[in-house]
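Peer 1: Sequence:
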Amino acid sequence: MPRLWLFILIQIFLGLSQANPLPIQRRDISASLLDELSLFEQYAAASYCAINNEADSSNNITCLTDNCPLVESAGATTLIEFEDLGAVDATGFVAVDHANQLIVLAFRGSVSLGNWLFGDFNLLALPSNIFKAKLQEATESWPDYSIVSVGHSLGGAIATLAAAELRTQGYEVTLYTYGSPMVGNILLANFITGQGSNFRVTHSNDGVPKLPGYVIGYAHVSPEYWITADTGVYPSTEDFEVSSGPINLSGNGGTSGFSIADHKWYFNAISTCADLEPDLSFSILTSSRGQRARVGDADEALSGRGEPSEQGLSFQPDDLTQLELHDVFGPVTPPPRSANRLLRVLHARRVDGTLDLPFDAGLQAVIKRYPYAMDSALYWLRSNYPVDEDAAIIARIEAEELGEEYRPSELRQRAQDVGLYAPREREGQTAYYGPQSGKYMAKLSEKEGDVFGRSEIDRIRAENIAKAEKEEKELQAQIDRITAEVTAKQAEQQSQALAARPEQGVETAQEIRPPNEFEKWILRSRNRAISKLTLDSPEVAEMTFTQRVLPSAVFVALFCAGCFLFAQYWVPPKRSERLFPDVSLSVATVGTIFALNLLAFACWGIPGMWPIMNRYFTSTPAYPRVLSMIGNTFSHQTATHFLTNMLGLLVFGLSLHEDVGRGNFLAIYLSSGAVGSLASLVVFSLRRQLVTSSLGASGSMWGIMAAYCWIHANEKFSFIFMTEEQREKIKFSGSTVLSCLVVFELVRFFLPVKTTDHASHLGGMLAGVIGAELWKRNEGTDQGKQTRRLRCSHDNSGECQCYLTSGSNPGYFQYYRFFDFRAVPSFDDSDEAPSFLGSPPVVTEFDNQGNESITSPYFNTTTWNRSWSIESGKLSDSQNSYAQIDSPANVYISRNDSSPENSTYLTLRTSRNSKFQSTAEIDCNQKNLKHSSIRARLRVIPNNLLPKSDKTSEQGDDNSTHPVAPGAVLGFFTFESNTEESDIEILTSDPIDRLRYSNQPDYDPKKGNSIAGASTDYLMQDGKVWTDWLVHRLDWFPGVSQWWIDDDMVLNKTIHVPKKPSGMILNLWSDGGQWSGNMSVGDQVVVGVEWIEMVFNISGGVNGPGHRRSLMDGLWKRKSKSCQVGCWVDAPESTVPGQPAVAFNNTQVGGAARTASLPLIYVLALCVAMALVDTT
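Residues 764 to 1939, numbered by the working numbering, are exactly what the sequence shown covers, in order.
Rather than coming from a laboratory, the hints here were simulated on the basis of the structure. Glycine is no exception: its CB is placed at the ideal position from the N, C-alpha and C atoms. A couple of the hints might just be wrong.
To be verified - Computed cross-link-like contacts, DSS-like style, restricted to lysine-lysine with a CA-CA straight-line distance of at most 25 Å: (1) 1494 with 1539; (2) 1693 with 1770; (3) 1539 with 1492; (4) 1233 with 1295; (5) 1787 with 1822; (6) 1823 with 1787; (7) 1787 with 1770; (8) 1295 with 1252; (9) 1236 with 1295; (10) 1693 with 1769; (11) 1295 with 1230; (12) 1823 with 1693; (13) 1252 with 1283; (14) 1693 with 1816; (15) 1283 with 1230; (16) 1494 with 1693; (17) 1823 with 1769.
Said to hold, decoys possible - The following label-pair restraints were derived from C-beta to C-beta distances: (18) 1284 with 1157: 29 to 39 Å; (19) 1660 with 1837: 54 to 64 Å; (20) 1773 with 1803: 13 to 23 Å; (21) 1372 with 1498: 36 to 46 Å; (22) 1503 with 1291: 43 to 53 Å.
Please model the entire structure based on the sequences and the hints provided.
Peer 2: Written out as structure tokens, the structure is:
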């Protein structure tokens, strides 16, 4: 039950934090697909039978439990059988099925703990060479046969990895899995999904496919075929729901149950053969001494239902190896699992006196196939592990006569499982002994009259009692000592008072009461938290500097490397995937760090937590622990210390986060704290100041402060409370501020008396500067000049502080972005696939739509992912004629063969299939635009310019009468809701010179008519058509919207102008409705985009989603009230897209001075506070 509740809580958290767009669903699959799923389910069932996976053997496939009749009737024959191979314990067979013309690679479900630990993600550990040779021979012998990889439970996970590896080596493999757990992260899941030919089957509330869990980063191969029929029912075509997506809560993942019974039923009882041999299912390590204890069938162990198979009694800690089994059984040996189980069962029956009783079906099958196995096993057991079998039989008869149940082997096995009794190792001992009996050399009890052996339970109980008594004596001694000290102090005070005022006499002393239970609990917790080590302890005194520092140094180096990789691969989450989508990323990140520090601060107030806090949340040079290098950076013991550091986090953390984004901010923050802790440890160790400790987030805080100053090294800072004139006179560069902070800390570091860990501060500052420099080189700007990529902030175009557009706009914009798709790198020199492979094929399978892989490595870069998202898997409204599904395959980079100067462009495509419309959409991640001017150079590509592979017979090449397929809509618009939207739309059913401009809503549903003035059909002049490259521009100002074509304003509207913060979307779609029209099956429409340029203002933080202002917005302004350097972004002043031209420059020093971007007063306030606060 606790596991079930834990699972439910994880899924609830997952549903809140990682909700995805609703995936595709449908009921009813074809009858032929149902037959395929049933056949390959029986191959997975056959893999559970030990007779089908004996190493190095070849036989006709058979199932002792009659649950693979289709396989048996087909006469399938194994080519090679294998078991327990590699770290993943791969077990199964390669078989050929001539009746169905198949080569089948089948893997059995879970066998061992190694299978659970490594089976999901250790692709390199998959022993593919064992079966690959046979697979190669089979494909050469039967080249027309299809290759299939199948498996159930963890066998499905191994089958998935095997199929993925074989596909990368040129094999065409179809994958069928049943109840498979998640395999790898979302990147691996998408990679395998992109290979195609995957059929992942789940059943009702099967709990295994929900493991290890979306919440820890795992994902599923797609699509999923979810069986909704009850356990025990053979499913029909109507009992399936098909859904797609690596993170999918619509099928099995959306259920809250955890049913093992559902896991065991797929078309039939899939793992029945495992029930015949309990050790074929899940196994665990239960003994503290290392014994492997079989727990039988997983379903019975977890659910408590049914009659488990016979377990047997372990006679030694581990199973016999293959070589040892040959010594027992001779050259013809049963499979290792079957042989070891036979030995355990026979040993249990010798102890119980039940050798005459019949065995279960699994052992009967083994004995039938290996007639001499039982005699050989008994001979070996009797020679090595003697038992008085006659006495056991007599004891059993006596118990049966009294009507009592007599199974001593079960009690003995339980004692082994809980560690109360260890079976004898054969080497080094001459005879067998029992757990608590006086036989077989056991030590006798010291109790008078006790004929049994010495009890392990009594020993453990005695040790615990002695430990508790010792602790109580020490506590009482401590209380007596404190009482004596207080009494002596009172007596001294009375003597002094009597000497000073003899006439008053002696006052009655205050009664000293003993501590109550709560006070005793505090004293106990304090004593447990205090280390018993001293400077003279060998563990401390004999530890060298290298031994003291090196483990922590290695840990910090690996941790910083992990932070760097996290920053490189982190991409902003989609709004729908966030736990609090209306809170900006910076506030959410800093708020979470604040909450963690607050939690650690609260833990210091709980005495029971002191041992843990001292061990992992305090850095102690005398006996350092590597985890404390990170834990102590979240730990504060005093409110003053906590508030000082958190003030620095709020002031500088939000500002730095706005500049570098969440991934880089967390990397800088965490690595600064870790490096600061390491620097503190090194300095204290060198000085041999071992009796001290350090904690607090100041290393991280100084790191983000240094990083912010380094990024803004050439910007000017001033005091927030000054007037504009005073700010112009008193300015400091970021590098000056940083230099002052370093000098301030260095001076305090070398002072003779210090109570603050300045080494941690300096180490954190060093890490912060290094992190900021790496960010500047990879993604940022260097002294106002662009380096590798444009920053997504207002200073991303050199000296410009604000931006102006042509026309009647009275104000200016603070932020600028330019996205250039005219020269996207090919990535051909990388390990990834080339970007330019022609147009991606149109996905025609309904089941896989929306779940395709991205088409170019460019879409995995930070340049793209920081600003844009490719939508996928979106369902249309129910009233539309057919489903429209956004697919990543419809967004790609194309060669621009018509323009030598512009080698590439971004492409969007929509295509019509008989069952659905495959569409394209990209969304700008800046969701809080509050007035903007957005322009893009784009065109609808005529049919005669499309590659021949992209044309259909219906489309043709006539560019004058029918240049593009009718029925599609290109939308370029700002969007907050259906009533807060400004549009540019091109309908391919319209004449090629007509555009649709509108402010939504343009239709009144109550009156049933259009709203006058909200929508306009515009006919372009001077021969302009939307199949040519044109610059389309949409301006959104307070109270007015304007539309432009090639720098000429053609329309403005004052009706329904959006008022709320919005995002920007570019999409290409068709839903078969009256507005878009209906595309013919096989037709497609393609749109090219060379570049997009945006200037805008925002509501809230630059990285926030809008609707709410940052917590610190009122604390300071990032810009001055007046713009000092303004730049034009369009004609006639700026003639080159992406290169704003200076319109005015009011600065007095070379045009580069800027007013305060952060309140310098807080820097000084924090320095003073830290000088007063003891952080060591």
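Peer 1: Report the numbers of all earlier hints that the structure fails to satisfy, in ascending order.
Peer 2: Violated hints (numbers, rising): 2, 3, 5, 6, 7, 8, 10, 16, 18, 19; every other hint is consistent with the structure.
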